[in-house]
Amino acid sequence: MLETAVDAVCPFTGAPDSYDVEIEYVSRDACLEALSLASWLESFRGVKISQEQLAHEIALTLKELLKPEYVCVKLTGSHGRVGMVVERCEDTSPTEDMGPI
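Oh and the sequence shown: position 3 is 3 in UniProt numbering, straight run, nothing missing.
Think of the hints as simulated: they come from the structure by calculation, not from any bench. Hints are all accurate, no fakes.
Think about it this way: if two alpha-carbon atoms lie no more than 35 Å apart in a straight line, the pair counts; the simulated DSBU-like pairs of lysine-lysine are:
hint: 1; residue 1: K63; residue 2: K48
hint: 2; residue 1: K63; residue 2: K74
hint: 3; residue 1: K67; residue 2: K48
Just need the whole structure built from these sequences, with the hints factored in.
Okay, structure coming up:
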């Protein structure tokens, strides 16, 4: 599991948002390079994007680049006094045809 942080901007209020990020994945062949990941996540600073959209964007990008068996991205943040956790998981394993039921 990788743990880091990411900053963005709330698309509704324009307020800065900061999130703790947890990334879990099961690799087939590729792996995440930590400095490249940090640099890419820094590119979201100043971008208007919701917590849900950001988790989705990170998960789908990692799915496309790494082609893992499984990837899960969890963003934890606060919006005023309200804590919020958003999780986006993608299972890319081929599904086995169980035949007719």
